[in-house]
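Engineer: Fit chain W to the given chain U structure using the hints.
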Amino acid sequence: MREIARDLLESGQVNLVIGYGRGTGILRTTPVFIRKPSDAGQLVYNPLCGNNLVKYLLDQRNKEGRAAVCVKGCDSRAVNRLIQDRQIDREKVYIIGLPCGGILDPDRVEGAVDPGEEIKETVISGEGYDLITAAGKYSFTMAGAGSEKCSTCQNHNPVVYDVMAGDPSDTPDIKDDGFDDVRKIEEMTVEQKSAYWDRQFSRCLRCYACRNSCTACSCRECVFDQVNTGWVSRSSNLSENTAFHLIRAFHVAGRCVDCGECERVCPVGIPLRVLNRKILMDLKDLFNTATPGLTPDGERVLGQFSADDPEEFM
Amino acid sequence: MFKRLLEFVGFEPGRLSARWISGSEGAKFAATAQKITDHTRALGPNTKMRDEN
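Sequence lines, in order, name chains U and W.
Quick note: the first sequence uses this note's numbering, first residue 215, plus one each step.
Quick note: the second sequence uses this note's numbering, first residue 276, plus one each step.
Next up, chain U with everything else stripped away, as it sits in the complex (with noise of 0.2 Å):
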């Protein structure tokens, strides 16, 4: 990775090569951009490097030259949206695709390994990973220390890239998700649902860390940072917080490519990405349609017409 960088910055192929460089302590990876050849070896690319960084190529669509963003499978279905979108022009990213056998969740390795550690080497070791640092192996298995949203992944490698940095992973896709997480709240009761997400939104502080992170949400004013339209406002009560987290969930139907960036980044907890596939698990079931993103050219699925619509309004 940091060889294809430093090779593509030389040439001249790219100016900027946004990826993961090392973040406050071992659990923590924080996005880098680097400009000159020499910064290359800043890049890091281990298990906890979970953050989607095809967002910041929205910052890069109206400048000159050409940008190169590393991704993983999930990651890489947000840069076919956008294309689709045409918020990005396709000749002006690079694509480096990341090979990924699941991301572990800081939440579920902390305790366990010292944070002060740097991660010297880290070892794909069957089913989950371990971390070689100066003072010994933690092992973690995808099980016991994954995040959750790997447990459904169906792209281990990227759907779109240029180049690819290191062999592709070969952990099984998973084809036919579930929606385990979606049934398990769809069978409360309405009383029950009603209760538990008053109990999620309730917490909420209304940061737009979600919005501010999410690939699907590439509005350049959005109605949320409006002190008062009239009809939805930034009070943080529960009222409009259900407000908001609907109108979010519904804005990005059909765009949201399930990368999980939403729940990851939220300070509080909200379970953001099961509204998402609450929506996405529908889709499929209504329009027989695949998670968006998965091609190049893939159909808008609420995008268009067509006549066998299922029309439940009319």
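Worth flagging that the hints you see were computed from the coordinates, not collected in a lab.
Do not rely on the hints blindly, as some may be mistaken.
Short derived list, chain W residues pointing at chain U, Cβ under 10 Å [stated by the list, open to error]:
| no. | residue |
| --- | --- |
| 1 | 277 |
| 2 | 278 |
| 3 | 281 |
| 4 | 285 |
| 5 | 287 |
| 6 | 288 |
| 7 | 293 |
| 8 | 294 |
| 9 | 295 |
| 10 | 304 |
| 11 | 310 |
| 12 | 311 |
| 13 | 323 |
| 14 | 324 |
| 15 | 325 |
| 16 | 326 |
In silico BS3-like pairs for lysine-lysine, Cα to Cα no more than 25 Å straight-line [to be verified]:
| no. | chain 1 | residue 1 | chain 2 | residue 2 |
| --- | --- | --- | --- | --- |
| 17 | U | 250 | U | 277 |
| 18 | U | 498 | W | 278 |
| 19 | W | 278 | U | 407 |
| 20 | W | 323 | W | 278 |
| 21 | U | 389 | U | 306 |
| 22 | W | 278 | U | 398 |
| 23 | U | 398 | W | 323 |
| 24 | W | 303 | W | 323 |
| 25 | U | 250 | U | 334 |
| 26 | W | 323 | U | 407 |
| 27 | U | 498 | U | 407 |
| 28 | U | 351 | U | 334 |
| 29 | U | 498 | U | 398 |
| 30 | U | 250 | U | 306 |
| 31 | W | 278 | W | 310 |
Glycine residues also receive a C-beta, built at the ideal position from the N, C-alpha and C atoms.
Structural biologist: Coordinates of chain W only, in the frame set by chain U:
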């Protein structure tokens, strides 16, 4: 889709209704409005997403 989302977060089924009715379908409009009114009365007052400001 949105109706299903509302019911997923705990709105009662039928709290939101949407129907396409043409201007020439007066009788259908009246019947639908009556049906929705009766259903909403049966559900009682809405407690979710009230104006709290």
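Engineer: None of the hints should be skipped; say for each whether it holds.
Structural biologist: Now for the hints, and whether the structure bears them out:
A cut of 10 Å between beta carbons decides the hint on residue 277 of chain W: the least distance to chain U is about 6 Å, and the hint holds. A least Cβ separation of about 7 Å between residue 278 of chain W and chain U falls short of the 10 Å threshold, and the interface hint therefore holds. Proximity of residue 281 of chain W to chain U holds as hinted, the smallest CB-CB distance being about 7 Å (cut-off 10 Å). Here the hint on residue 285 of chain W is kept, as its CB sits about 3 Å from the closest CB of chain U, short of 10 Å.
Hint status for residue 287 of chain W: holds, given a least beta-carbon distance of 6 Å to chain U, under 10 Å. Below 10 Å, beta-carbon pairs count as interface contacts, and residue 288 of chain W has one with chain U at about 8 Å; its hint therefore holds. Given hint, residue 293 of chain W at the interface with chain U, holds; its Cβ is 4 Å from that chain's nearest Cβ, closer than 10 Å. About 6 Å separates the beta-carbon of residue 294 of chain W from the nearest beta-carbon of chain U, less than 10 Å, and the hint is met.
For residue 295 of chain W, the interface hint holds, the least distance from its beta-carbon to any beta-carbon of chain U being 6 Å, beneath 10 Å. Below 10 Å, beta-carbon pairs count as interface contacts, and residue 304 of chain W has none with chain U, the closest being about 14 Å; its hint is therefore violated. Interface hint at residue 310 of chain W: violated, since its Cβ lies 14 Å from the closest Cβ of chain U, which is beyond the 10 Å cut-off. Evaluation of the residue 311 of chain W hint against chain U yields a violated restraint, the C-beta minimum of about 12 Å exceeding 10 Å.
Interface hint at residue 323 of chain W: satisfied, since its Cβ lies 7 Å from the closest Cβ of chain U, which is below the 10 Å cut-off. Given hint, residue 324 of chain W at the interface with chain U, holds; its Cβ is 5 Å from that chain's nearest Cβ, closer than 10 Å. The closest approach between the C-beta of residue 325 of chain W and any C-beta of chain U is roughly 5 Å, which is under the 10 Å cut-off, so the hint is satisfied. Satisfaction of the interface hint for residue 326 of chain W is found here, the shortest Cβ-Cβ separation to chain U being roughly 7 Å, below the 10 Å cut-off.
Between residue 250 of chain U and residue 277 of chain U the CA atoms are separated by roughly 17 Å; this keeps the pair inside 25 Å, and the hint holds. About 16 Å separates the Cα atoms of residue 498 of chain U and residue 278 of chain W, which keeps this hinted pair within 25 Å; it holds. With a CA separation close to 15 Å, the supplied pair residue 278 of chain W and residue 407 of chain U stays within the 25 Å bound. This hinted pair checks out: residue 323 of chain W and residue 278 of chain W have alpha carbons roughly 15 Å apart, not beyond 25 Å.
Note on residue 389 of chain U and residue 306 of chain U: the hinted pairing is violated, with a Cα-Cα distance of about 32 Å set against a maximum of 25 Å. Using a Cα cut-off of 25 Å, the hinted pair residue 278 of chain W and residue 398 of chain U holds, with the two alpha carbons roughly 19 Å apart. The straight-line distance between the Cα atoms of residue 398 of chain U and residue 323 of chain W is roughly 22 Å, inside the 25 Å bound, and the hint therefore holds. Only pairs whose Cα atoms come within 25 Å are accepted, and residue 303 of chain W paired with residue 323 of chain W is rejected, the gap being roughly 29 Å.
With a C-alpha separation of about 24 Å, the suggested pair residue 250 of chain U and residue 334 of chain U falls inside the 25 Å cut-off, and the hint holds. A C-alpha spacing of about 12 Å is found between residue 323 of chain W and residue 407 of chain U, which places the hinted pair at or below 25 Å, so the restraint holds. With a CA separation close to 22 Å, the supplied pair residue 498 of chain U and residue 407 of chain U stays within the 25 Å bound. The hinted pair formed by residue 351 of chain U and residue 334 of chain U meets the criterion: a straight-line CA distance of about 10 Å does not exceed 25 Å.
Our distance criterion of 25 Å between C-alpha atoms is met by residue 498 of chain U and residue 398 of chain U, whose separation comes to about 18 Å. About 18 Å separates the Cα atoms of residue 250 of chain U and residue 306 of chain U, which keeps this hinted pair within 25 Å; it holds. With a CA separation close to 17 Å, the supplied pair residue 278 of chain W and residue 310 of chain W stays within the 25 Å bound.
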